[in-house]
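Colleague: Residues per chain are reported as follows:
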Amino acid sequence: MNAKDWKILLVDDEREFITTLAERLELRGIPARVAFDGESALEAIAAEEPHVVVLDVLMPGIKGLEVLERVKRTNPLVQVLLLTGHGSTRDGIEGMRLGAYDYMMKPLNIDTLIEKMESAIDYAKKAATLPGKSDGQ
Amino acid sequence: MRDALFMGRMTASATHELQNILATIRESSGLMDDLLAMGSEGFAHAERFKKGLGVLAEQVERGMILTEQLNFCAHAPEKCPAGADINEAVRALVGLSRRHAARRRTTLVLAPGRSGLRTSLRAVEVMDAVGAVLEAALDVLPMGTQLMLSVEEQGGLGVVRLDSPGFEALRQAPAWSELVALAKALGIGLTAGPANMGVVLALPRPAA
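Just so you know, the protein sequences line up as chains A and B, in that order.
Sequential numbering from -18 applies to the first sequence in my numbering.
Sequential numbering from 853 applies to the second sequence in my numbering.
This is chain A alone, in the form it adopts within the complex (with noise of 0.2 angstroms):
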């Protein structure tokens, strides 16, 4: 799949950080929506059921785990990159327990995100094809 076919929310309270990040990924063809909370995340996630979800764990309202624990179970092959930091690392363990991709750490490295994104569709293209397997990771 074509990188400018890839469909990827964004989903972090920081406006200013994930409005720039979604710029950036646009500069490179990746067209990606933002979502500044879980529950417009979760609304979005519903509406559009992006390949990819880049979710900060530490949100006001419902937290990045909560979100990702939803969406693993009504749309299970949506991919879930979580954002953690120096603070919540542990958070990121737990969601790839709870079932994430993988998590980074905040400040990112775009091309670093990328691939996990791309790496992250790639897995999801399989996993769909597998009979009698849909649930992602």
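Please note: incorrect hints may appear among the correct ones.
[What the hints assert, rightly or not] Taking beta-carbon pairs under 7 angstroms as the criterion, some of the chain B residues facing chain A (in silico):
#  : residue
1  : His868
2  : Asn872
3  : Leu874
4  : Ala875
5  : Arg878
6  : Glu879
7  : Ser880
8  : Ser881
9  : Gly882
10 : Leu883
11 : Asp886
12 : Gln911
[Unchecked claim] Below, simulated SDA-like cross-link-like pairs (lysine to any residue); rule was C-alpha separation at most 25 angstroms, straight line:
#  : chain 1 : residue 1 : chain 2 : residue 2
13 : A       : Lys(-15)  : B       : Ala889
14 : A       : Lys(-15)  : B       : Ser881
15 : B       : Lys902    : A       : Glu7
16 : B       : Lys903    : A       : Ile91
17 : A       : Lys53     : A       : Arg78
18 : B       : Lys931    : A       : Glu75
19 : A       : Lys44     : B       : Leu870
20 : B       : Lys902    : A       : Ile95
21 : A       : Lys97     : B       : Leu887
[As the list claims (entries may be wrong)] A short list of chain A residues far from chain B (calculated; beta carbon distances all over 10 angstroms):
#  : residue
22 : Glu(-5)
23 : Glu20
24 : Leu79
25 : Lys87
26 : Lys97
27 : Ala108
Please keep in mind that the hints were generated in silico from the structure rather than gathered at the bench.
Computed from a predicted structure; not experimentally measured.
All C-beta atoms, glycine included, are put in the ideal place defined by N, C-alpha and C.
With chain A held as given, fit chain B onto it using these hints.
Modeller: Then chain B, alone, in the frame of chain A:
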């Protein structure tokens, strides 16, 4: 202890915010770099602009290291069931003490330590004990000294060594008896290093 835990929670929250600030600066400077790379013909100050973005990137890296060490400090008063990671505690202490040491024209060098070595103490107690020895050493060691810290295992115990010529002066200073008392209260063995060239702190092993 209650106040240390409270300050830790406040500091942890602040380091999280600082991390978000650094992440936003990195993305914004990254965007400027991307736009510059797309075409800077006709922009007379492109090179100066690029240099400025390079400085921003370096300062973000510097800030990330500092916030990581500060975040470690924030969680250091918490009791960890598996015991504190000695190398992590000493690494954070050395990182946050470099500026103080530089004022005494002393360079702190942290030898690559054995990771995973633990003690029954909380990280804040490791930092307090090693930090007290470090501060006392900075007071008596001659300016321009290089002070090497290392974490190793000796006879099943996690050991922190501070090595530098001139430590004999520390053991004769009035502060030494206070350091011995602090170490004793924490269950730490405080002895002279090999050939009297430094100080060795033997930390209590974690509970089985």
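Colleague: Now, for every hint given, state plainly whether the structure supports it.
Modeller: Now for the hints, and whether the structure bears them out:
With a least beta-carbon distance of about 5 angstroms to chain A, the hint placing His868/B at the interface is held under the 7 angstroms criterion. Interface hint at Asn872/B: satisfied, since its Cβ lies 5 angstroms from the closest Cβ of chain A, which is below the 7 angstroms cut-off. For Leu874/B, the interface hint holds, since its Cβ comes within 7 angstroms of a Cβ in chain A; the closest pair sits about 5 angstroms apart. Against a cut-off of 7 angstroms between C-beta atoms, the interface hint on Ala875/B holds, since the closest Cβ of chain A lies about 4 angstroms away.
Evaluation of the Arg878/B hint against chain A yields a held restraint, the C-beta minimum of about 4 angstroms falling below 7 angstroms. For Glu879/B, the shortest C-beta to C-beta distance to chain A is roughly 4 angstroms, which falls under 7 angstroms, so the interface hint holds. Annotation: interface hint on Ser880/B holds; nearest CB of chain A at approximately 5 angstroms, less than 7 angstroms. Because the smallest distance between the Cβ of Ser881/B and any Cβ of chain A comes to about 10 angstroms, over 7 angstroms, the interface hint for this residue is violated.
Against a cut-off of 7 angstroms between C-beta atoms, the interface hint on Gly882/B holds, since the closest Cβ of chain A lies about 6 angstroms away. A distance limit of 7 angstroms between C-beta atoms decides the matter here; for Leu883/B the minimum to chain A is near 5 angstroms, and the interface restraint holds. Among the interface hints, the one on Asp886/B holds; its C-beta lies about 5 angstroms from the nearest C-beta in chain A, closer than the 7 angstroms criterion. A least Cβ separation of about 12 angstroms between Gln911/B and chain A goes past the 7 angstroms threshold, and the interface hint is therefore violated.
Between Lys(-15)/A and Ala889/B the CA atoms are separated by roughly 20 angstroms; this keeps the pair inside 25 angstroms, and the hint holds. Proximity of Lys(-15)/A to Ser881/B is assessed by CA-CA distance (about 24 angstroms); at most 25 angstroms being required, the pair is judged to hold. The straight-line distance between the Cα atoms of Lys902/B and Glu7/A is roughly 22 angstroms, inside the 25 angstroms bound, and the hint therefore holds. For the hint linking Lys903/B to Ile91/A, the alpha-carbon distance of about 20 angstroms falls within 25 angstroms, and the restraint holds.
As the CA atoms of Lys53/A and Arg78/A are separated by approximately 11 angstroms, the hinted pair is consistent with the 25 angstroms bound. Proximity of Lys931/B to Glu75/A is assessed by CA-CA distance (about 20 angstroms); at most 25 angstroms being required, the pair is judged to hold. The suggested pairing of Lys44/A with Leu870/B holds, with an alpha-carbon distance near 20 angstroms, which does not exceed 25 angstroms. Pair hint Lys902/B plus Ile95/A holds up; C-alpha atoms about 23 angstroms apart against a cutoff of 25 angstroms.
At roughly 23 angstroms between alpha-carbon atoms, Lys97/A and Leu887/B fall within 25 angstroms of each other, so this suggested pair holds. For Glu(-5)/A, the non-interface assignment is contradicted: its Cβ lies about 5 angstroms from the closest Cβ of chain B, within the 10 angstroms cut-off. With a closest Cβ-Cβ approach of about 20 angstroms to chain B, Glu20/A is found to remain outside the 10 angstroms limit, as its non-interface label requires. Non-interface status of Leu79/A relative to chain B is upheld: no Cβ of that chain comes within 10 angstroms, the nearest being about 21 angstroms off.
Not every CB of chain B is more than 10 angstroms from the CB of Lys87/A (nearest about 4 angstroms), against its label as outside the interface. The beta carbon of Lys97/A sits about 16 angstroms from the closest Cβ of chain B, which is more than 10 angstroms, so the claim that it is off the interface holds. Consistency note on Ala108/A: stated as away from chain B, and its beta-carbon is indeed over 10 angstroms from all of that chain's, at 30 angstroms minimum.
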